[in-house]
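Engineer: What follows is each chain in one-letter form.
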Amino acid sequence: MLRPRVSVAAAEASLGEGLRQRWRLGEKLIEGWIFLAGLVAIVVLLGIVALLLREGLPIFSHTAPWEFFFGTKWYPVSEPPTFGILSFFVATLMVTIVATAISVPIGVGCAACLAEVASSRIRETVKPVIELLAGIPSVVMGFIGLLLLSPLVQSMFRLNTGLCGLTAGIMLSLMSLPIIVSVSEDALRAVPDEFRQAAFALGATKWEVIRHVSIPAALSGISAAIMLGVGRAVGETMTVLMVAGGALAVPIFPTEPMMPMTAAIASGVGNAVRGGLQYQALFAIGLLLFSMTLAVNLIADMVLERQKRKFAR
Amino acid sequence: MRTNLTRRKWLILLATVLLVAAVALTGCGGAPANEGGLPGSFKIIGSNTVEPLSVVWAEEFMKMHPEVSIAVSGPGSGVGIANLIDGTADVAQTSREMKSTEIDQARAKGVNPYEIQVASDALAVVVHPSNPVSELTIAQLSAIFTDHITNWNEVGGNDAPIVVLSRDTNSGTHVFFKEHVVQMLGLPTEDKRLEYGPKVLFLPSTKEAVDEVAKNQNAIFYPGLGYVTDEVKPLAIKQTADDLGVLPSVETALAGTYPIARPLLYYTNGEPTGVIKAFIDYCLSAEGQAKVAEVGYVPLE
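Chains H and F are the protein sequences, given in the same order. First residue of the first sequence? That's 1 in the numbering used here, and the numbers climb one at a time after it. First residue of the second sequence? That's 1001 in the numbering used here, and the numbers climb one at a time after it.
Treat the hints with care, as some may be off.
Chain H is nowhere near these chain F residues, computed Cβ spacing over 12 Å in every case [claimed, not checked]:
#, residue
1, G1156
2, P1188
3, L1300
DSS-like cross-link-like pairs, simulated, lysine-lysine; straight-line CA separation at most 27 Å [claimed, not checked]:
#, chain 1, residue 1, chain 2, residue 2
4, F, K1291, F, K1063
5, F, K1099, H, K73
6, F, K1199, F, K1233
7, H, K73, F, K1192
8, F, K1199, H, K73
Have a look at the derived ranges for each label pair, beta carbon to beta carbon [claimed, not checked]:
#, chain 1, residue 1, chain 2, residue 2, range
9, F, A1236, H, M156, 33 to 41 Å
10, F, Q1117, H, V140, 37 to 45 Å
11, H, R274, F, S1041, 20 to 28 Å
12, H, D301, F, I1116, 52 to 60 Å
13, H, W23, F, A1071, 45 to 53 Å
14, F, A1236, H, G275, 43 to 51 Å
15, H, D301, F, K1109, 40 to 48 Å
16, H, E131, F, T1189, 54 to 62 Å
17, F, E1115, H, G275, 21 to 29 Å
18, H, L133, F, D1230, 30 to 38 Å
19, F, E1059, H, I97, 43 to 51 Å
20, F, P1129, H, I252, 29 to 37 Å
21, H, T82, F, K1109, 24 to 32 Å
Derived from the structure by calculation, the hints contain no laboratory data. Every residue gets a Cβ at the ideal spot worked out from N, C-alpha and C, and that includes glycine.
Work out the full structure: start from the sequences and follow the hints.
Structural biologist: Below is the structure:
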């Protein structure tokens, strides 16, 4: 800490009065710029919320909230149109549950392996590769699901069609996997080494250390990782639009074709004239979706904050 | 102090330049594309079905007039109409006529939709090549797409569930097929209350649905003639059980014997002028209409 201070002092002494003033001005400018940037983010967020509310809420004067959220009929281009989104909501839940059920055990296991078992050289190569998976565009994941996974799912479960919630859930699990692995691994590595050493000193095996020391200690971070993964799965659009099948019936099994909320918005938004009933209904779905992802992200944030405080030293 | 003053001057200058640039840029967005002379650019947005045709026409037209640039995209007829109403498309390409509610919405925004038929299309009903069913009546199709017939053996096929595929609500094909087949427009059995059944799969693109039929032995779908490939089998369609089955083709659609045919339309805001008029004149010329059959649709004459 001492060295930079000395060099700054030396530099200041050697600089003229004008230069120092120029520095201060520059600093003020940068401060102002950063403040503005932060402000923009907040203004945009508030703007989006306001827009969703303004465009979405008027639908409830046409369709009562009860009918809107629990109705099972969605005929936006008929005369008169009907808007019931229960099947979309159930489809989103189902696809997300499938995705979570697959990605959590694999993701947490992978993170534990990377953080606790693998040598640092393996970790340094494998982790970036897994994180690369997050960079695959969702339309490419959709194509993979369409061409490779859906025929496989169809023949494996003897279904009428491979375009179903299960296929979508599996593709989504691949997309939330990198987030879960990356964040859980960070959480596991943040567990102080003294914990492990103490356990080893008591004669615990590696498995026992992972199972009873590292994972419980990092649990809040791992839950946050899971939440972030769930958030990704809930909000993903292109992949589910392409592979989930898009049927309007309320799904009972994940192996049925279904239309999650994001797909419903995407497949109707182009057709909706600004300010029309369908437009309002789609915005109302967006509002529900936004509240869901916001809740998931808030919970994740709170849990992460707890983890940080736990190990703050 | 002097340095401070110069600095402030510079800052003011910078701020002014930024402000002017911002104003100029927003101004650009609102200015209409050059519609006077031939050099210019315009956007055609709309039907997934008309898109391949518009693309061929646009390419040929741009070859003849290198100074013109035409952007074509095909997210769906409804999207094109919504864009025309909002003023973000110069031409809406559609595979269905504008609804009266849409025309009202357009008028309310000061847009005056002008309709031009540029070609016709026949909707084929396709199944997997291994499917023994070779013809269906409109009433049977309606029952299939409303989930009243759910097994192929009810229409003379194998004992297998029917996987019904449809386009999503963005598509003009969705609306056209609903009115003319599901609701049986013009038949004595017409029923405006009929809707696609809840088990129907709504897919985002025609190509994707045709690919699914090629893979799935029990699937049925209704692509435009231009999308029919060798990997799927088109069915002969009977208006009623007493009529003869007619296979979809350019000839049968031109002769008017194939029952599921529809116009392909361009909509502009008011009568087209300038470069858009030149383009549409080309589309309607003998040269342009020759391209229609090449792409797989039905020319006007």
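Engineer: For every hint, state whether the structure bears it out.
Structural biologist: Here's how the hints hold up against the structure:
1. G1156: holds, 19 Å
2. P1188: holds, 21 Å
3. L1300: For L1300(F), whose nearest Cβ neighbour in chain H is about 27 Å away, the distance exceeds 12 Å, so it holds.
4. K1291(F) <-> K1063(F): holds, 15 Å
5. K1099(F) <-> K73(H): Holds: K1099(F) and K73(H) sit about 22 Å apart, inside 27 Å.
6. K1199(F) <-> K1233(F): Between K1199(F) and K1233(F) the Cα gap is close to 22 Å, so the pair holds against 27 Å.
7. K73(H) <-> K1192(F): Roughly 16 Å between the alpha carbons, so the hint for K73(H) and K1192(F) holds.
8. K1199(F) <-> K73(H): holds, 12 Å
9. A1236(F) <-> M156(H): 33 to 41 Å: holds, 35 Å
10. Q1117(F) <-> V140(H): 37 to 45 Å: Given about 38 Å between the Cβ atoms, the range holds.
11. R274(H) <-> S1041(F): 20 to 28 Å: Distance hint for R274(H), S1041(F) holds at roughly 24 Å.
12. D301(H) <-> I1116(F): 52 to 60 Å: Since the Cβ atoms of D301(H) and I1116(F) sit about 55 Å apart, the hinted range of 52 to 60 Å holds.
13. W23(H) <-> A1071(F): 45 to 53 Å: Given about 49 Å between the Cβ atoms, the range holds.
14. A1236(F) <-> G275(H): 43 to 51 Å: holds, 44 Å
15. D301(H) <-> K1109(F): 40 to 48 Å: At 42 Å between Cβs, range holds.
16. E131(H) <-> T1189(F): 54 to 62 Å: 59 Å Cβ-Cβ, so the 54 to 62 Å window holds.
17. E1115(F) <-> G275(H): 21 to 29 Å: Cβ of E1115(F) to Cβ of G275(H): about 23 Å, so the range 21 to 29 Å holds.
18. L133(H) <-> D1230(F): 30 to 38 Å: Taking Cβ atoms as reference, L133(H) and D1230(F) lie about 37 Å apart, which means the hint holds.
19. E1059(F) <-> I97(H): 43 to 51 Å: Roughly 47 Å apart at Cβ, these two residues keep to the hinted range, so it holds.
20. P1129(F) <-> I252(H): 29 to 37 Å: holds, 32 Å
21. T82(H) <-> K1109(F): 24 to 32 Å: holds, 26 Å
This entry satisfies every hint, going by the numbered hints stated previously.
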